[in-house]
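Listed in order, the protein sequences are those of chains A and B. In this text, residue positions in the first sequence follow our numbering: the first is 4, and each later residue adds one. In this text, residue positions in the second sequence follow our numbering: the first is 168, and each later residue adds one.
Source of the hints: derived by calculation from the structure; they are not laboratory data. Don't take every hint at face value.
EDC-like, lysine to aspartate or glutamate: derived pairs with alpha carbons at most 20 angstroms apart [stated by the list, open to error]:
| # | chain 1 | residue 1 | chain 2 | residue 2 |
| --- | --- | --- | --- | --- |
| 1 | A | 6 | B | 219 |
| 2 | B | 224 | A | 99 |
| 3 | B | 224 | A | 32 |
Ranges between beta-carbon positions, derived for each pair [said to hold, decoys possible]:
| # | chain 1 | residue 1 | chain 2 | residue 2 | range |
| --- | --- | --- | --- | --- | --- |
| 4 | B | 247 | A | 64 | 20 to 30 angstroms |
| 5 | A | 46 | B | 228 | 31 to 41 angstroms |
| 6 | B | 237 | A | 87 | 19 to 29 angstroms |
Ideal Cβ positions, reconstructed from N, Cα and C, are used throughout, including at glycine.
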Amino acid sequence: AQKITQTQPGMFVQEKEAVTLDCTYDTSDPSYGLFWYKQPSSGEMIFLIYQGSYDQQNATEGRYSLNFQKARKSANLVISASQLGDSAMYFCAMREGDMRFGAGTRLTVKP
Amino acid sequence: KAGVTQTPRYLIKTRGQQVTLSCSPISGHRSVSWYQQTPGQGLQFLFEYFSETQRNKGNFPGRFSGRQFSNSRSEMNVSTLELGDSALYLCASSLLTSYNEQFFGPGTRLTVL
């Protein structure tokens, strides 16, 4: 069964604007972790941000923030002030034992 | 601190052969996970090792196996290669397991002809 859903195959954003990448997940386990990774065309996976299921506050890391809505099982990534270097694939992942990844969203930042 | 290293970076094999990929985690990390990435199936979890023990296993046939050594270095082996095994194989290490962030290596690009 699909556990991580990223409904946006591709997104475009103007440089310096904010963008939200959607992610919903499915689990009955009360304890889990949510992650966002960035994969540029070079292929390396870069960790961006982590949210634990028991964390009360939304996680933030620089220009990245995670909009965590536990009841809705949603963990959207918000990138503020987009830069050209943000163009990449973005993967949402959930860890409850093993790690499951969504299909990814390809973000393109326009100058 | 050095990152996760994977060797080799590129590999070309023919059907029926076997292959061994190597992963050296970040120093001090005890958990190593392996993933297969293909355009069609995306990122799929293969297995996770922690302190030389397999902790979790994904839904892959028995041709895919792995192990972890006492220094946390890990290898994965694929026997009787099939064309569909062509993929980017990513290794990731984390300090412990479960809910620590994972740091990925650059991957091994395997092509099966």
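key: Non-conforming hints, listed in increasing numerical order   = Numbers 1, 4, 5 and 6 - these are the hints that the structure violates, sorted from lowest upward.
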